[in-house]
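Engineer: Build the full structure now, drawing on both the sequences and the hints.
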Amino acid sequence: MSRPEDQLPPDLFYNDNESRKYTTSSRIRNIQADMTNRALELLDLKSPSLILDNPPEDGGPHTWIGMDISPSMLDVALQREVEGDLFLADIGQGVPFRPGTFDAAISISAIQWLCNAETSDVSPEGRLKRFFEGLYASLRRGGRAVCQFYPKNDVQRSMISGAAIKAGFGAGMLEDDPGTKNGKIYLVLTVGGGGLTGDITGVVNGMDVNVLDARRKAMEVNNARPARKGDRAWIMKKKEQMERKGKVVKQNSKYTGRKRRIAF
Amino acid sequence: MKVITANFVTCAVKECKTSAQSFPLHFHDAELEMSELDFQPEFIRNVVPRIDWEALRVTANELGFPTLPDVKPEGDALNDEQTLKDLHRLLLETQVMEGKLKCGNCGHEYVIKEGIANFLLPSHLV
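Heads up: the protein sequence lines correspond to chains A and B, in order. Residue 221 in the UniProt record's numbering is what sits at position 221 of the first sequence, and the numbering runs on without skipping anything. Residue 79 in the UniProt record's numbering is what sits at position 79 of the second sequence, and the numbering runs on without skipping anything.
In case anyone wonders, no lab produced these hints; they're calculated from the structure. The model shown is predicted, which means the values in this text are computed figures rather than measured ones. Please note that the accuracy of each hint is not assured.
As the list claims (entries may be wrong) - Listing some non-contacts, in silico: residues in chain A with all C-beta distances to chain B over 12 Å:
(1) Arg127
(2) Lys247
(3) Lys254
Unchecked claim - Pairwise CB distance ranges, derived in the manner of DEER restraints:
(4) Thr18(B) <-> Asn182(A): 40 to 48 Å
(5) Arg20(A) <-> Asp86(B): 56 to 64 Å
(6) Asp52(B) <-> Thr23(A): 33 to 41 Å
C-beta atoms are modelled at their ideal positions from N, C-alpha and C, and glycine is treated no differently.
Structural biologist: The following block contains the structure:
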């Protein structure tokens, strides 16, 4: 499949038609929500905080400010009546906030768009630099940012993480489902964390974070002993199904699904 | 746009980064709307130290709110439920739906429509 950022600039690509998929397609919505939740998990916020969000998604108990370059995507957010504040802005032009504004920042599937220069007077390096420097300044000390992105290749991947490190961040990468087509790369950035050299361990120090692997999970599901027709698990499943349909079902007890003793 | 956001946002024009006049941005022709949100005292306590009180007083004045106290509530004052509720109402529940934000330095106007501020700049200003 061709990459969207090779086709059009983001404000034109995410037109009304493309943006509507984010409200109508449950698959896209689930993927977006999963990634936002994963990012929130990596941020490890202890109390309700002020978050910069790009693109706007709902962020639990936190107050957030959402930036997006596409008017249609903002319109979608408006229709969903999200609680945060919305901004029409290009992250490649910088982050126009006072120093130390945010506790954290989340960016989902956005920064690979910065690697494309749409006009001759901007360059990918310049746009990345402006974004990361603006982000670095607007986060408070001890703050954290998680950017999920889809790099086109290794060059782009190192260009993005290099730009973040140059802006002063401590950076680490976390890759969920590595090697599959569902692979997700999270760039975890810290402000004033210190002592980070390329790997994630320093960032997630003391946190319970594992690399997710959907293949292993699928294998576990497949290897689980299937319920055979007639055994207790099978009966319980059927009873649940019937109950959901509104049928009258006998209550479960310790005798449910037991073999009768032979009378003679 | 919420009042809390207005207290953090600065002019995006490059020349204005160094000017003290570029913050806070000034509201013009603002239409307000109140929308109720869950009250989270912890969040207010977390965010108040970062609020620029002088700027908040200017903004509240421009939006026609009664004058705020001279000094920022700190320490014990942040345990007072009423103070926190008032701040919650001003910072989070008050929204500017239509209007303009103007930079005091370069005079650039950022238009707010349906509560969304347009911070896209023409490339020569970036």
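Engineer: Against each hint, give a clear statement of whether it holds in the structure.
Structural biologist: Right, here's what the structure says about each hint:
1. Arg127: Answer for Arg127(A): violated, closest chain B Cβ roughly 10 Å.
2. Lys247: 40 Å, holds
3. Lys254: 44 Å, holds
4. Thr18(B) <-> Asn182(A): 40 to 48 Å: 46 Å, holds
5. Arg20(A) <-> Asp86(B): 56 to 64 Å: Violated - the Cβ-Cβ distance for Arg20(A) and Asp86(B), about 40 Å, lies outside 56 to 64 Å.
6. Asp52(B) <-> Thr23(A): 33 to 41 Å: 37 Å, holds
The earlier numbered hints that this structure contradicts are 1, 5.
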